[in-house]
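S.K.: If you're matching them up, the sequences are chains L and E in order.
Taking our numbering, the leading residue of the first sequence gets 2, the next gets one more, and so forth.
Taking our numbering, the leading residue of the second sequence gets 36, the next gets one more, and so forth.
It should be emphasised that the hints constitute simulated quantities derived from the structure, not laboratory data.
Hints are supplied without guarantee of correctness; some may be wrong.
Unchecked claim - Calculated lysine-lysine pairs in the DSBU-like style (CA-CA distance at most 35 Å, straight line):
#1 Lys37/L to Lys60/L
#2 Lys52/L to Lys37/L
#3 Lys107/L to Lys44/E
#4 Lys44/E to Lys97/L
#5 Lys71/L to Lys57/L
#6 Lys97/L to Lys71/L
#7 Lys107/L to Lys52/L
#8 Lys60/L to Lys44/E
#9 Lys37/L to Lys97/L
#10 Lys58/L to Lys37/L
#11 Lys97/L to Lys49/E
#12 Lys97/L to Lys57/L
#13 Lys107/L to Lys57/L
#14 Lys71/L to Lys52/L
#15 Lys107/L to Lys97/L
#16 Lys107/L to Lys37/L
#17 Lys52/L to Lys49/E
#18 Lys60/L to Lys49/E
Remember, predicted model here, so these are calculated numbers, not experimental data.
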Amino acid sequence: GQQVMQIPQYQHVQEGEDFTTYCNSSTTLSNIQWYKQRPGGHPVFLIQLVKSGEVKKQKRLTFQFGEAKKNSSLHITATQTTDVGTYFCQVSGTYKYIFGTGTRLKVLA
Amino acid sequence: NAGVTQTPKFQVLKTGQSMTLQCAQDMNHEYMSWYRQDPGMGLRLIHYSVGAGITDQGEVPNGYNVSRSTTEDFPLRLLSAAPSQTSVYFCASSQYRLGYGYTFGSGTRLTVV
Numbered sequence: 002g003q004q005v006m007q008i009p010q011y012q013h014v015q016e017g018e019d020f021t022t023y024c025n026s027s028t029t030l031s032n033i034q035w036y037k038q039r040p041g042g043h044p045v046f047l048i049q050l051v052k053s054g055e056v057k058k059q060k061r062l063t064f065q066f067g068e069a070k071k072n073s074s075l076h077i078t079a080t081q082t083t084d085v086g087t088y089f090c091q092v093s094g095t096y097k098y099i100f101g102t103g104t105r106l107k108v109l110a
Numbered sequence: 036n037a038g039v040t041q042t043p044k045f046q047v048l049k050t051g052q053s054m055t056l057q058c059a060q061d062m063n064h065e066y067m068s069w070y071r072q073d074p075g076m077g078l079r080l081i082h083y084s085v086g087a088g089i090t091d092q093g094e095v096p097n098g099y100n101v102s103r104s105t106t107e108d109f110p111l112r113l114l115s116a117a118p119s120q121t122s123v124y125f126c127a128s129s130q131y132r133l134g135y136g137y138t139f140g141s142g143t144r145l146t147v148v
């Protein structure tokens with residue numbers, strides 16, 4: 002079946018440092034979504050990527066879809082304590098949405 | 036708009052008991068699904084529905100039943116609770132089958148003893 006891996010599993014950074022999480026698929030993707038889940042909360046949709054090589058920005062967050070549409074990345078510039086949480090990618094199979102394993106980010110003040 | 040509403044927020048069951056987790060959305064979304072989240076396991080798809088009267092299995096469907104009689108409601112039934120079903124359950128909905136983001140409910144934390 003389809004495999005979606007996220008790396009790293011955990012990341013601790015000092016406030017102000019950059020952070021990147023990667024999502025890798027075993028198959029070519031039609032699109033990919035990114036979510037953020039705060040501790041004790043529920044996942045919240047951040048963005049969708051559809052086109053090969055697409056790059057989208059939301060303030061300090063930069064999302065990229067690989068040229069081969071088999072991987073994606075989320076980069077946070079100058080992390081803040083409000084960035085704490087787990088970041089998930091989500092991909093679509095046939096009518097099924099599968100989540101990556103998630104990257105848990107801790108930001109040390 | 037309330038979005039996606041899940042009830043109850045917390046539940047403790049004894050092994051062998053049955054119960055229904057409720058999920059309702061008021062956004063007229065066609066697509067609804069149930070996930071369970073366990074520590075270190077991410078979000079795993081249990082069942083999903085692409086419209087009223089249509090449901091299908093996800094990655095981990097055993098021990099769970101669903102039905103979709105209306106667009107708004109998508110209840111999840113635990114037939115005979117087991118400790119392995121201790122988890123946080125999330126219901127989510129989306130306007131389209133492919134693409135676009137999900138709106139998640141706030142979750143149900145279930146403990147089976």
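S.K.: Each of the hints needs a verdict: does it hold here or not?
M.R.: Hint check results:
1. Lys37/L to Lys60/L: holds (15 Å)
2. Lys52/L to Lys37/L: holds (21 Å)
3. Lys107/L to Lys44/E: holds (26 Å)
4. Lys44/E to Lys97/L: holds (25 Å)
5. Lys71/L to Lys57/L: holds (17 Å)
6. Lys97/L to Lys71/L: holds (17 Å)
7. Lys107/L to Lys52/L: Cα-Cα ~30 Å, so holds.
8. Lys60/L to Lys44/E: Holds: lysine 60/L and lysine 44/E sit about 33 Å apart, inside 35 Å.
9. Lys37/L to Lys97/L: holds (20 Å)
10. Lys58/L to Lys37/L: holds (15 Å)
11. Lys97/L to Lys49/E: holds (31 Å)
12. Lys97/L to Lys57/L: Holds, at about 24 Å.
13. Lys107/L to Lys57/L: holds (23 Å)
14. Lys71/L to Lys52/L: holds (11 Å)
15. Lys107/L to Lys97/L: holds (30 Å)
16. Lys107/L to Lys37/L: It holds: about 13 Å lies between the C-alpha atoms, which stays within 35 Å.
17. Lys52/L to Lys49/E: violated (48 Å)
18. Lys60/L to Lys49/E: With a Cα-Cα distance of about 47 Å, the restraint between lysine 60/L and lysine 49/E is violated, given a limit of 35 Å.
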